[in-house]
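K.L.:
Each position in the sequence shown, counted from 1, maps to that position plus 460 in this note's numbering.
Any given hint might turn out to be false.
Here are the simulated lysine-lysine pairs, DSS-like style, with alpha carbons at most 30 Å apart [to be verified]: (1) Lys760 x Lys719; (2) Lys1016 x Lys1087; (3) Lys653 x Lys948; (4) Lys620 x Lys593; (5) Lys1000 x Lys593; (6) Lys781 x Lys651; (7) Lys663 x Lys651; (8) Lys1016 x Lys1043; (9) Lys943 x Lys651; (10) Lys943 x Lys960; (11) Lys765 x Lys593; (12) Lys1043 x Lys1087; (13) Lys653 x Lys1087; (14) Lys778 x Lys760; (15) Lys781 x Lys765; (16) Lys1009 x Lys948; (17) Lys620 x Lys538; (18) Lys620 x Lys662.
Derived CB-CB ranges, DEER-like [unchecked claim]: (19) Glu634 x Pro656: 22 to 32 Å; (20) Asn989 x Ser797: 28 to 38 Å; (21) Gln655 x Leu548: 24 to 34 Å; (22) Asp938 x Ser509: 29 to 39 Å; (23) Gly813 x Thr793: 25 to 35 Å; (24) Ser756 x Ser509: 49 to 59 Å; (25) Gly677 x Asp537: 23 to 33 Å.
Everything labelled a hint here was simulated from the structure, so no lab data went into it. For each residue, glycine too, the CB sits at the ideal point set by N, CA and C.
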Amino acid sequence: MRRQRFLIFLLIFLVGLVFSGITIHASDDNIVTSHNGSGKYQYLETVESLQLHEYVYYQKDLGQTSTSLDKTPDGEDKNAAGRGGGGLLIKDKFYGQQINVLMGKATSNMKVVSWGYTTSSRYELRDVINLAKDYERNHPGWKVIGGINADFFDMQGTGKLPYQPLGPMISDGEVTRAGGSNNYSLMVGFKNKGQPDDLVVKKYIHTNGTLDEYVGGFILTIYDENGNEIKTFTVDNYNKAAGENQISIYYANWSSEQKIVPQAINSSGNVFVVENAEKALANSSNDFYGRGVITSTEPKELGEKEFAIVSRNPEATKLLKVGTKVRVMRTFTGPYSEVEELAVGHGYLIHDGVESQLLNESYYYTRAPRSIVGIKADGTIVMLTIDGRQPDKNMFGATQEEMVAIMKYYGCVGAYNLDGGGSTTMIIRRGNSFEVVNSPSDNSVRRVANAIFFVVYEPEFTSNPIEINRNSVSIKVDIFDAKGVDVKNLYVELNGEINKVENGIVSFDNLMPNTQYLYTFYYDTGDGNLIKTISGGSVKTAKRTGQVKNISYEEKGSELIVTVEFDDPDNSITRARVFVGDKAAYVNSNIAIIRNAQKQTDGSYHFTIVYRVDLQNLKGYFEITLKNPPLKLHNYVDFAKSKQTIIINEILK
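Sequences and hints are given; from them, build the entire structure.
P.N.:
This is how it looks when you write it as structure tokens:
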């Protein structure tokens, strides 16, 4: 059995190193250069590496970078850690870096998603952990494995509709925002096919209120009572009257004072109003996303959380009625028509294997914390953070050429800069909770507009411990929802061992007492390959039973001060009382004070100690009673220790 466990663990370990073709670059000196040697990255050591899921790998590395660009384009000196100080930057000198990397390749049940927090009509900022939790709340069955912050955003909330990301956003194939706020954003789209062309990337062009060439018109989608799409129609106009056989949509916009400007409806056709919409995001005058149920067919002045459809299209009119769910949104065309998820970056680092030209922008020639998304030649997506502005922690941040060298080291043929600085955040899932694994430069996790995550849809299991001892546990495991997967066998990993679930039970031994252990579920589909899930739980072994170690007393007037010493390394004794005749007192901080205690005729005291023990082993507490023999106190200790050992052994049989 021991050999079988070892072989299973070895197999999983080897799979963790090369799963799905994902490998870490290595070279003799671990130095990679960019821009003809202008930037260098040297790998030093891996602090932590985890296979978070069958297809997702996490690694924390320490390294160092150097740059030959020690001056600004104007000839001014630069700080070694940018806005974090760190002294003057010295040309070609290596400075410390902390790199966190997530790698994964999309499959049928694992993908990359882009997610931001919105109310029914507004954008709100959340930290990356809370964005992950919100994604899971809105996507039952899907679990976030890890991710990073994504878009640049309206951090100060100065926009008409504040806190929007600065570019388009697609989530779940739905275009929640089509417009952009600057001319140099990169649209980073994810196809989630697991192929070399999984990323679609181009610069977003947005000038004088116009939309990018790949932004299409509005569409109207109509759903049945089960939420299935019935039909999609082209929307011909927005906030304008519908012509013959046309469809128009109406929505209110926001003013520069961040107040809603009511919108009247031209009732030239059949009117269908959605009040209290699930979503009514008026991003700009020509960019709207709405979803909800039709509540009225009467024209009205539209306000916040509302939109309307005016139809002169007979086919659409026939399908629209009160109680019907609808959605209106912009579309994307060309290469972005296949994109399921989309986030926005700031600039190319590597594209189609070619390094970007060095840009004459402070953002790029000044070291800063960075968040980057990339892709390898085989379609593996890379999410990476570089910590910075913390020279006291040996975290200096990176310039453009240093970012390129780092992404080349991790094998990327495409790499694109996302929002960095104080926004830079990476989280991973550990058990049932999330952990920030990088070192945010603000000394706290910043609230951001959105994030990109690796998420997985996999079988769900239930588990609960049924037997807990000091050195062993047994856990009952069941399949809660197979999610369409033909699960043949279940396994549980705990304390470095992977054991098979037999008849719904899995057991582990050779454990430490009073210790919390995390466990993870695996399964196979009959082909012998174990598939690791992100699901699991935790169990704590039982405590060791506390015992009385010594007893002594001191007389002070009418008070008998009794000192009871316990041998209780796991704090299993929850309470204790000392009795002398018909008098008693609880032990607090090893002291029990008994007033007017009666002595025996020989001048001694007869003690009885009753103490309650809870081993936290699912069996509840028990009490041990030690009665004083008719001997003097100095003989009590040896008797008590031997007697209680016998009692404890009887209880634990």
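K.L.:
Is the distance from the Cβ of Glu634 to the Cβ of Pro656 consistent with 22 to 32 Å?
P.N.:
26 Å, holds
K.L.:
Does the alpha-carbon distance linking Lys1016 and Lys1087 stay inside the 30 Å limit?
P.N.:
Cα-Cα ~24 Å, so holds.
K.L.:
Given the hinted pair Lys760 and Lys719, is their alpha-carbon gap at most 30 Å?
P.N.:
19 Å, holds
K.L.:
If you check the beta carbons of Asp938 and Ser509, does the distance land in 29 to 39 Å?
P.N.:
Holds - the Cβ-Cβ distance for Asp938 and Ser509, about 31 Å, lies within 29 to 39 Å.
K.L.:
Decide if the proposed pair is consistent with the structure: Lys653 and Lys1087, CA atoms, cutoff 30 Å inclusive.
P.N.:
74 Å, violated
K.L.:
Just to be careful, I want the Cα atoms of Lys778 and Lys760 compared with a cutoff of 30 Å; is the pair within it?
P.N.:
Holds, because 21 Å separates the two Cα atoms, which is no more than 30 Å.
K.L.:
Measure nothing beyond the straight line between the CA atoms of Lys765 and Lys593; if it is 30 Å or shorter, mark the hint as holding.
P.N.:
24 Å, holds
K.L.:
Is the gap between the beta carbons of Gln655 and Leu548 within 24 to 34 Å?
P.N.:
Violated, at about 46 Å.
K.L.:
Ser756 and Ser509, beta-carbon distance inside 49 to 59 Å?
P.N.:
57 Å, holds
K.L.:
For the pair we were handed, Lys943 and Lys960, check the Cα-Cα distance against 30 Å.
P.N.:
Distance ~21 Å between Lys943 and Lys960 Cα, so the pair holds.
K.L.:
Within 23 to 33 Å: is that where the Cβ-Cβ distance between Gly677 and Asp537 falls?
P.N.:
52 Å, violated
K.L.:
Do the alpha carbons of Lys620 and Lys538 lie within 30 Å of each other, as the hint requires?
P.N.:
36 Å, violated
Of the hints listed earlier, those the structure fails to meet are numbers 6, 13, 16, 17, 21 and 25, in rising order.
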